[in-house]
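Peer 1: These protein sequence lines are chains P and V, in that order.
Positions 0 to 124 (numbering that gives the first Met the number 0) are the ones given, in order, by the first sequence.
Positions 0 to 124 (numbering that gives the first Met the number 0) are the ones given, in order, by the second sequence.
Just so you know, the hints here were simulated from the structure itself, not pulled from any lab data.
There may be inaccurate statements among the hints.
If chains are identical, the list can't say which one is meant, so a pair holds when it fits in one copy or spans any two.
Claimed, not checked - For lysine-lysine, the following DSSO-like pairs were computed, each having C-alpha atoms within a straight-line distance of at most 30 angstroms:
#1 Lys-32 with Lys-54
#2 Lys-54 with Lys-5
#3 Lys-54 with Lys-7
#4 Lys-69 with Lys-54
#5 Lys-69 with Lys-5
#6 Lys-69 with Lys-7
Protein chains: 2
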Amino acid sequence: MTLRPKYKFWLETDDGYVFGEGSFEILRGIQDKGTLMASSQELHMSYRHAWGIVKQMEENLGQAVLVTYKGGKDGGGGADLTPLGTRLLHLYVAFTEAIDQALAGVELPGNSSLTLPRDPSSLAL
Amino acid sequence: MTLRPKYKFWLETDDGYVFGEGSFEILRGIQDKGTLMASSQELHMSYRHAWGIVKQMEENLGQAVLVTYKGGKDGGGGADLTPLGTRLLHLYVAFTEAIDQALAGVELPGNSSLTLPRDPSSLAL
């Protein structure tokens, strides 16, 4: 049996939760696809739910992460990230990559792996 | 307004959740106080709830993290950690300290701090 380290990471202000994995996926999808609708569809998330996550993020930041516009090449309008929205994407990547590297580099006390032997008496502590 | 990085960390096996902050506090309390009752009281947690967390941990590990005994100096019995229980405490500390250090060491892209200026146009990305 193997133990795996797991984590959830997020950013918050004094006003509360701002940005976690869901927010990251939504904003990355907007950067990629150009609309909140396309981003939410790709994530199998309702438009309303994705919109709520963005609105809460902007409320707790006190600043916009999206700019929406009408028209565009398909005529249906779209959304771009503000500089703050792009910065949040970068921050999330920087922090989660740092965590991943840190977890991979942990020198485990008394045992070279996280695998639990069948005989617990052989765990050197 | 300041953005703060936050995380939750836990260990799991293929059978599910094994060990997180609550488990850590319970097992550390047992190591310190000698009984699950004293540990749960210190955490303002019901004995039943603390017991449930320990039982789920042992079920998903397939191994015991506590040994209980009768009698002892106060006559009421008590609990000790097994070597596996002690090892889980050490693992949790090693991983969370590694994460804390990693987060503190992140070089933020385009800005030396996580403070959001009032004028978002001054965010250098």
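Peer 1: Next, verify each hint and record whether it holds.
Peer 2: Taking the hints in turn, this is what the structure says about them:
1. Lys-32 with Lys-54: within (19 angstroms within a copy, 46 angstroms between copies)
2. Lys-54 with Lys-5: For Lys-54 and Lys-5, the Cα distance is within 30 angstroms both inside one copy (28 angstroms) and across copies (20 angstroms).
3. Lys-54 with Lys-7: both (21 angstroms within a copy, 24 angstroms between copies)
4. Lys-69 with Lys-54: The answer is within: 19 angstroms in one copy meets 30 angstroms, while 57 angstroms across copies does not.
5. Lys-69 with Lys-5: So Lys-69 and Lys-5 fail the 30 angstroms test inside a copy (42 angstroms) and across (36 angstroms) alike.
6. Lys-69 with Lys-7: neither (36 angstroms within a copy, 40 angstroms between copies)
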